[in-house]
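Quick one: dock chain against chain with the hints and give me the complex.
Here are the chains, one letter per residue:
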Amino acid sequence: MSTTDDDVLLRVENLVKYFPVKSSKFFQQREYVHAVDGVSLEVKHGETFGIVGETGSGKSTLGRSVARLYDITSGKITFDGRDISRISQRQMRPLRREIQMIFQDPMGSLNPRRRVGSIIGDPFAIHGLASGAERKKRVQELMERVGLNPEHFNRFPAEFSGGQRQRIGVARALAFQPKLIICDEPVSALDVSIQAQVINLLADLQSEFGLTYLFIAHDLSVVRHVSNNVAVMYLGKLTEVAPADDLFTRARHPYTGALLSAVPLPDPDQSDGRQQIILVGDVPSPIAPPSGCRFHPRCPKAAPACVSDEPVLEPRLGDGPLHTAACHFPMAIGENLADFHPSIGEEQRVVEGAGLLAGGPAQANATQAEGSKQ
Amino acid sequence: MSMTPPDIEGDDARFAGNLTTIEPEKQPAAARIIRGRSPWQLAFERLRKDRTAKIAAGTIAVIILLALFAPVIAAALGHGPNQQFVDTGENAFGDPVGPNPTFWLGTDSSGRDLLIRTLYGARVSLVVGVLATLISVAMGVLFGLVAGYLGGIWDAIIARLVDVVLSIPFLIIAISIAYISHPGFWLVVFVVGVLSFTYPARIVRGQVISVKEKEFVEAARALGAGPIRIMFIDILPNIIATVIVYGSLLIPLAIVSEASLSFLGVGIPPPTADWGQMISDASNYYQYGYWWYLLFPSLALLITTLAFNILGDSVRDALDPRGAGIYE
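If you read the sequences in order, they're chains A and B. If you count by our numbering, then the first sequence holds residues 1 to 374, one letter each, in order. If you count by our numbering, then the second sequence holds residues 1 to 328, one letter each, in order.
Any given hint might turn out to be false.
For lysine-lysine, the following DSS-like pairs were computed, each having C-alpha atoms within a straight-line distance of at most 30 angstroms [unchecked claim]:
| no. | chain 1 | residue 1 | chain 2 | residue 2 |
| --- | --- | --- | --- | --- |
| 1 | B | 214 | A | 137 |
| 2 | A | 136 | B | 212 |
| 3 | A | 179 | A | 136 |
| 4 | A | 179 | B | 212 |
| 5 | B | 214 | A | 136 |
Bear in mind the hints are in silico, worked out from the structure with no lab data behind them.
Okay, chain B solo, but in the shape it has when bound (with noise of 0.2 angstroms):
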């Protein structure tokens, strides 16, 4: 341990990243105290030194900001998300007028303030992806651990189930359920929830089986824990990075999901904005020059989606065990 080669920045503290630790009384008196830190310690140790992870994680932040003070920049601007501005929101043919000093992006067709609508937008679309994210990673653990610890009969119910979820395109099965019901906020969140349940399933699935098969395992059987105790407490904690990684990816693929549901016209209904609506409705003004209607909700989505799938990898790369040594 204190054989640290001289070219390299940094000292013996850079070793703490193999979280070892050097027993006080065979510590040179000079040498640095090393402290031990958890795998989360560490894992969030190397996100911090991500640059890529901090801009991700910069622009979801403001993202956030922006949706969650959306009623306070409409009260500044005096423009309601719902508000139609005949007079000055549209143009004499009451078409959409292009970005100005009182519509900062311009208007809709409705003569309504775009930069408004698409500030509450993104809160439907924050929503719905973490939500729906939260049921079909709690789905996908939960499925996922049965399938693989209990293995046998549960799992073969469980791994058809996944089965026949997926080989049943998304929009088909999510535009049927829309239309037999009431299209409207829950519905959205319960429809693409429960329908990407399969991807965490089937990774947790996996994991299971490689975890269930260690000592450790059998060493709380040994003392006595029962299936439930084994499956939360013994094994979840070595395949929660997993999850979250898998949860962190999924929240843009529920977005895009979402926003899809939208501009096919079963799911958030009008007036509430949202994006994917915002998208289908600018799409018939688009090619007559109204481009700014189709750009910015367009650009938010995108950007929504990159910084979190962005931020997923970099949390994949911190949470990954093979990691490089954190550098203090």
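Isolated chain A, as found in the complex (with noise of 0.2 angstroms):
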């Protein structure tokens, strides 16, 4: 993380986001979902930063409080120079020209009673840009350069087929040419095939308008295509960050490891004499994370420091400063996950989440082999 400041778009300092839970009883103590717990990163003019994680690791929460969209708990976001962290909404509002989102459910991001072309020109409506046949021919503009038929203007959303509404959800996040888009998993609700044009829209795009996105996704296979950075995130935390293929060929922290293993791979043969490694157990509740190193629980490599100290995100293993991993026993390179075993119990594992985990699955053997070459 040492690149000059003018190369720097997004700056996002140790941000945390937590979500006030409501307690049942009047005098409990307030408990909060630790959502996005301590992240920062960078992400520079013109590049795609990826984000991944499953389901409930804070990914989607990290990429709505850069937009600003949720009051952030602590921490810096600083976006082209500016500090954007404690702005009321009403400051940010003008600054939303050249933040932009596009949404995961392109049902859902696309109000059902409104016309297509009242909806795309919402950015201009909201602004004040342009009106009346202006507007129209700009929205029209737009949905011909997402490959949307602009004769298609008045018509509905439900209408059109799911591709299609993420077309129209990217025409409207491109009004403005915005500096930043983010991308809150584009594709995943779309088909594979379908996928491929989304995708491929968003590049051309990007080298069209010098666009940076902030790409936040569960598919590795889909960051690792877009993506120029790809950070890693598990339960609020980033465990790796990486150039794409530096994080998909030398994957530093096991979490990597285990998620790179989960990659569908299109040869039959390649597959089965792959290791896959199944991490046993669920996440861990956000609620009370564990001590330590949040992975710990789950890891086949975890060890007593593990539960103890929480791991810096750091080069490890020699690695380039643009490659961070927070793991106190990296994997090297061609390192077999498989073949370790946690030297720490269940009992000692998981410390403030414990009973959580107490009744389920979780085994001093973390790992499962599956075949037996490399």
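Next comes the structure, spelled out in structure tokens:
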């Protein structure tokens, strides 16, 4: 993380976002969901920064906090040299032209009662940029640019297919030619063939308008395809950040390793021969996350240090400054996770999240070997 | 889409009820063109197919026409609404006369033509019903949107206000207000309208709370839309169907409320013809055999409120998005 300020479009420092949980009793201490818990990252001009993680890892919360759809609990967000972490929603409004979002659900993010023309025209209407015939002309240009028929101006969102609806969402986000577009799982609700179309559209638009994407997804192959840099998130924390190719070839964090081993391979022989690491148990509760390294209850390499000390996100095993991992015992290249067994017993594992996993299927043998090549 | 079961009447066009369209290039050459229709068009089509709705709407149309042309009918018959016919409209004891060729529905206790007064009464009922409903729906939508969308302190204040208004019986508060101020047309409209804002406010608040969690509201915020724009442009169109249904069911309620106030003597002041007032007056005569005086205004009130209620129910069915598809 040592680039000059000119390169950096978005800098997030120690971002924390907690959501209060309604407690049933009056004088009980208020509980919080630790959705994002101290995340720092830098997104450079013109790059695509991927964020991957399981459901509930806080990646969407991170995206929405950066877009200031949420008021953040603490931390600092610097966008284009301006600190936007504490400004009010009213002050944020003019900045919204520069930070746009594309949402996951192409049906839910379009108002079903409004016509497509007025939905895409919203950015112009809200910021008073164009009206009447001028607005219609610009909306139709946008529709054409994202591959929609401009004649369909007067249709309702329900009259379009999933891919077309996502194009509507892209057109709306594109209206101002923003600097940063936060794509919150933009393709995960689409068919694989349609995913490719939308991803190619996003790539074309990026080279045409010089856009920067913060690309949130849980599909690793999609992220690898689109991203320059990738951050892996687990329970509100970044576990590993690296240039995309580095991450996929030289993963350091066991969690990244486990995720990568779950990516489907198109070649069945290769797929059969691969060691698949199956993580045991569920993601612990984000209300009372585990101590130390949050991944330790499920990690095959877990050791006492993982329970007591929180690992720092820093370059490990001689990696360059861009490849950082938060792990006490990072994986060496070619290392087989399946060969490892945690050096701590089950009873030592979960500290704060105790009780949640107590009855679960947490076994001392956290890995399962399949096949024996490599 | 092309797999239409052969035993079902109609053709591919019936799928238009799902609001889907077939892209032209995929469409079989012989298939009919499928139009995309807005939710409103669909609702209107459904309403058009509903026989009960048509009868209710027809009845309301007739009542409105009769109310509109009441002065014309009065002129044609030569009987003004407040004109007393001491010679022909009252019997030897000064009591009402029954239906006869001159007075088709008979006369009232003051020798006035009951038909003409019933028609004029429809004007008051309809105008009060519609205006009061507009007031209560407008207030309800405003309060409901603010309480539901902004939440927090706004929600608490409005919810308490609604609780307070609901906890006081309508007639008691209405009579109190009428007593301390001058009874009259606008007072009735105001009292009936303002006191019934609680129903739409509660419904709208609940709907807003469910709609505001939708992703398109978040999308609007991400675009920089302010709370007023989100409330009225993004959320309101999604709840307007419910508002219309409740509005259409509030009209008969307002008509009955107005009639009740007039019945109790705190509504529309005499001599303006009004159903509630006529029923109240007739109740003193009814037991002596002057049945027509009570029957016709009551019947008018019954038919009007029934027609509005039935139409309201049909509107609710028609606006239900899970409603049946429309055959062409």
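Outcome of the hint check:
no., hint, in the structure
1, 214/B x 137/A, "holds (29 angstroms)"
2, 136/A x 212/B, "holds (27 angstroms)"
3, 179/A x 136/A, "holds (23 angstroms)"
4, 179/A x 212/B, "holds (28 angstroms)"
5, 214/B x 136/A, "holds (26 angstroms)"
Every hint, counting from the list given before, is met by this structure.
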